[in-house]
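Chemist: So the chains spell out like this:
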Amino acid sequence: MGEMEQLRKEADSLKDQITAARKAVQDTTLQEAVAGITVVGRVQMKTRKTLRGHLAKIYAMHWGTDSKLCVSASQDGKLIVWDSITTNKVNAIPLKSSWVMTCAYAPSGNFVACGGLDNMCSIYNLKGKDGNVKVMRELAAHTGYLSCCRFLNDSEIITSSGDCTCVLWDIETGTEKTIFTGHQGDCMSLAVSPDFKFFISGACDYTAKLWDIREGQCRQTFGGHESDINSIGFFPNGNAIITGSDDATCKLYDLRADQELITYQDSGIMCGVTSLAPSLSGRLILAGYDDFNVNIWDSLKAERVGVLAGHDNRVSCIGVSSDGMACCTGSWDSFLKIWN
Amino acid sequence: MDKGGWHRQQMSCFRKMEKLIVAMQDPDMGIKMRNQRLLITVIPHAMTGRDVIDWLIQKYRMCEEEALHLGGMLVRYGYIYPLKEPRSLVLRADETPYRFQTPYFWTSTRWPASEIDYAIYLAKKNIRKQGELMEYEKERYSLLHKRINHTWDFVVMQAREQLRASKQRRKADRIVLECQEQAYWLINRPQPGAHNILDVGLERPNNFSSRVTLNSDYYKSEIEACRRALGRNRVKSSICLEGFVKFSEQYQNHDPIMQGCLPSNPWISDDSAHWTMNAEMVPTPTRLRVERWSFSFRELLNDVMGRREFMTYLEKEFSAENLCFWQACENIRHGESSRIVEKVEEVYKAFLAPGAARWVNIDSKTMAHTLEGLKHPHRFVMDAAQMHIYFLMKKDSYPRYLKSDLYKNMLARAIVPQETKKSVFPFMRRQRHSSPSPAQAFTQVLEEDGRAQAGTNAAGSHV
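Going down the list, the protein sequences come from chains A and B.
Using my numbering, you'd call the opening residue of the first sequence number 1 and step up by one each time.
Using my numbering, you'd call the opening residue of the second sequence number 1001 and step up by one each time.
Among the clues, some could well be false.
[Unchecked claim] Example chain A residues on the side facing chain B (calculated, C-beta under 7 angstroms, incomplete):
#1 Asp12
#2 Ala33
#3 Met136
#4 Ser279
[Stated by the list, open to error] Result set (DSSO-like, lysine-lysine): computed pairs, CA atoms no more than 30 angstroms apart in a straight line:
#5 A:Lys197 - B:Lys1019
#6 B:Lys1236 - A:Lys9
#7 B:Lys1246 - A:Lys301
#8 B:Lys1171 - B:Lys1146
#9 A:Lys197 - B:Lys1343
#10 A:Lys197 - B:Lys1246
#11 A:Lys301 - B:Lys1059
#12 B:Lys1167 - A:Lys23
#13 B:Lys1408 - B:Lys1394
#14 B:Lys1032 - B:Lys1059
#15 B:Lys1167 - B:Lys1138
#16 A:Lys68 - A:Lys134
#17 B:Lys1220 - A:Lys9
#18 B:Lys1220 - A:Lys177
#19 B:Lys1016 - A:Lys57
#20 B:Lys1375 - A:Lys197
#21 B:Lys1129 - A:Lys15
#22 B:Lys1171 - A:Lys197
#23 A:Lys177 - B:Lys1246
#24 A:Lys15 - B:Lys1167
#25 B:Lys1220 - A:Lys23
#26 A:Lys197 - B:Lys1236
#27 A:Lys68 - A:Lys49
#28 A:Lys129 - B:Lys1343
#29 B:Lys1236 - A:Lys23
#30 A:Lys301 - B:Lys1236
#31 B:Lys1032 - B:Lys1019
#32 B:Lys1138 - A:Lys57
#33 A:Lys301 - B:Lys1016
#34 A:Lys197 - B:Lys1365
#35 A:Lys127 - B:Lys1343
#36 B:Lys1032 - B:Lys1016
#37 B:Lys1375 - A:Lys177
#38 B:Lys1343 - A:Lys177
#39 A:Lys197 - B:Lys1059
#40 B:Lys1349 - A:Lys177
Since the hints were derived computationally from the structure, they do not count as laboratory data.
Glycine is no exception: its CB is placed at the ideal position from the N, C-alpha and C atoms.
Required output: the full structure, derived from the provided sequences and hints.
Modeler: Here you go:
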């Protein structure tokens, strides 16, 4: 046996042992564990606002931390910052490259970022002295498209890319501080933990990984999906992650049990999950699908308890504001809708 | 995601729908089909939109809207096509006749649709009846003529041959085949403005050069990662699940999507009182907000007002330097890179140096570790010391704060907003009841501008 073959066998054997160790702590089924609680009643949400202005597919949106402003990115080559209550456009930022796939709002409210097929993450300063919004930094080092980006603070941002890596950048110097390697497929989505010490990534290798930001290492890997993971997020208490995949399911993986605990699926759902967001208490998971709908799941009972139907094309992005008040959906039909 | 990736993604979606389509055509359990009169011809094996929806409702125990949505998808993807208005790819919940597309013409079977086949199809239409091509089809036809000019003789010959062969069929069969073929091309070459199921969005380039190579180094790091992973402590699933149940119960009243909010939901009432009452700094906070400080230490620290109250308490206990130190470390962790060295220096002088004005008590091991790190200051150099003080406060000062008069008085004084009667919808504030049948426990939502879905059964859900 060649050296590589031996190494491969060793890796596989260790993986089998991990599977066994995970099984060993499965001391209950989901049904038993949640038998004592009743399923959430019908959840009816209405469109409260429609944000009109983009001229092409919307690919991404992100709420600002004030729960009123949000930013969206569209194939029309614009990044728009909206006052979601008045539906006014606070900023309409023209982009150098219209092939944008992601956008992010800094927690401070000072910056927005975006990127896409240009392989770069561009940082825009919203609070420039003369009132104009300008590119502050262009973070270029990825060899693949930028699928997602999230600010840690005004000095640091994490990006995920089609080159199978995620990177932590120092915005001031425009350099890569840490490169997170390990995924075997395009990284599609990332989310930062509530304490800012970890982040999670979902990829086209059907796995999700938890990374230690400081150590630069992958702490945990979660499998089980049968297709690309398009979307990922933390359960509000930070102890679990939720993933959405092209295999038409969402899954909840617990970080402490180190395994999948819940799957959200329905035989009537036949298309991929594009985006997801938990409600503030985590009891509801709102997930956007290719079939134009958002399905609302009771996260503990794993049952569908509501549908948001109002878009005329795929729902590409979704977000719940940090005060938990409103859910925003963005679609290929070029509209954003605010629901609650 | 290259074309291969799209193919893989769409295929799994197609396979799921095809399983359903096959079940719908089962001779025993499927839809009862009948003959349908189309002008003077009788088309066999047809069904109405109503048939499709009723069958879906029965099979999946879903409600009308859901069946309409799922059935609509099957039409959009070309598995079912309308007989009377071929270009209207919607499912109507009435007597409108539909037919199942033959597997030969499934998008998944003949993927990708070839240009030559499309040219032949358009040529046939053109030959059969001059002027039968629509405007957009004429444009595409002439574009194809330019692009594949070298095979044009073949295209025309094939078109003629196929037309000749079809003339020899029975009229009903000929019409059926024409309908099927037309349905196929309406999906695979949709007319401008129509929904395009083949739309993949941004074409992600295939980056083979940066793919991970599975070599010895890769496996070595895999092995190392697995060894580390194997050694981790795993908590029992029952404990984890219980944790989620407790967490969502605790936060249920704080989840506006589930429980609404007082005095009113600003998105509905246009009254921003809720936001004003919950602004960062207010004279008197709301009760829900003060309650939340007791959920976890992190909740207290995340709220500016909570931190301020806690600081006041610590000052009374002469241990305020702990919180100050913690905040200063946060400042380093999340601040500008260029000022890290400077800030670390300040923090050391103020909190850690012997005889410092606001000296914090950390254990000798952590102190030694920190002092070592100070030789080469970086963003995380204070982590260990910060953690130590964080846990000190969390285990000691925080629980006592929650029992203190300071906190209790704050809780007693806190505002419970009055519900603004005029615009609160009763169902927004009602406790959620469990629904009898989970499969029927949802309904589509009517948009505010009155766009209603046919057959909705959502009582009282309109504006």
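Chemist: All hints are to be evaluated individually against the structure, with a verdict given for each.
Modeler: Here is how each hint holds up against the structure:
| no. | hint | in the structure |
| --- | --- | --- |
| 1 | Asp12 | violated, 9 angstroms |
| 2 | Ala33 | holds, 4 angstroms |
| 3 | Met136 | violated, 13 angstroms |
| 4 | Ser279 | holds, 5 angstroms |
| 5 | A:Lys197 - B:Lys1019 | violated, 45 angstroms |
| 6 | B:Lys1236 - A:Lys9 | holds, 29 angstroms |
| 7 | B:Lys1246 - A:Lys301 | holds, 14 angstroms |
| 8 | B:Lys1171 - B:Lys1146 | violated, 34 angstroms |
| 9 | A:Lys197 - B:Lys1343 | holds, 20 angstroms |
| 10 | A:Lys197 - B:Lys1246 | holds, 24 angstroms |
| 11 | A:Lys301 - B:Lys1059 | holds, 22 angstroms |
| 12 | B:Lys1167 - A:Lys23 | violated, 65 angstroms |
| 13 | B:Lys1408 - B:Lys1394 | holds, 18 angstroms |
| 14 | B:Lys1032 - B:Lys1059 | holds, 14 angstroms |
| 15 | B:Lys1167 - B:Lys1138 | holds, 24 angstroms |
| 16 | A:Lys68 - A:Lys134 | holds, 22 angstroms |
| 17 | B:Lys1220 - A:Lys9 | holds, 11 angstroms |
| 18 | B:Lys1220 - A:Lys177 | holds, 24 angstroms |
| 19 | B:Lys1016 - A:Lys57 | holds, 26 angstroms |
| 20 | B:Lys1375 - A:Lys197 | holds, 23 angstroms |
| 21 | B:Lys1129 - A:Lys15 | violated, 65 angstroms |
| 22 | B:Lys1171 - A:Lys197 | violated, 71 angstroms |
| 23 | A:Lys177 - B:Lys1246 | violated, 38 angstroms |
| 24 | A:Lys15 - B:Lys1167 | violated, 63 angstroms |
| 25 | B:Lys1220 - A:Lys23 | holds, 25 angstroms |
| 26 | A:Lys197 - B:Lys1236 | holds, 24 angstroms |
| 27 | A:Lys68 - A:Lys49 | holds, 12 angstroms |
| 28 | A:Lys129 - B:Lys1343 | holds, 26 angstroms |
| 29 | B:Lys1236 - A:Lys23 | holds, 10 angstroms |
| 30 | A:Lys301 - B:Lys1236 | holds, 19 angstroms |
| 31 | B:Lys1032 - B:Lys1019 | holds, 18 angstroms |
| 32 | B:Lys1138 - A:Lys57 | holds, 28 angstroms |
| 33 | A:Lys301 - B:Lys1016 | holds, 24 angstroms |
| 34 | A:Lys197 - B:Lys1365 | holds, 23 angstroms |
| 35 | A:Lys127 - B:Lys1343 | holds, 24 angstroms |
| 36 | B:Lys1032 - B:Lys1016 | holds, 22 angstroms |
| 37 | B:Lys1375 - A:Lys177 | holds, 20 angstroms |
| 38 | B:Lys1343 - A:Lys177 | holds, 20 angstroms |
| 39 | A:Lys197 - B:Lys1059 | violated, 47 angstroms |
| 40 | B:Lys1349 - A:Lys177 | holds, 28 angstroms |
Violated hints for the displayed structure, listed by number in ascending order: 1, 3, 5, 8, 12, 21, 22, 23, 24, 39.
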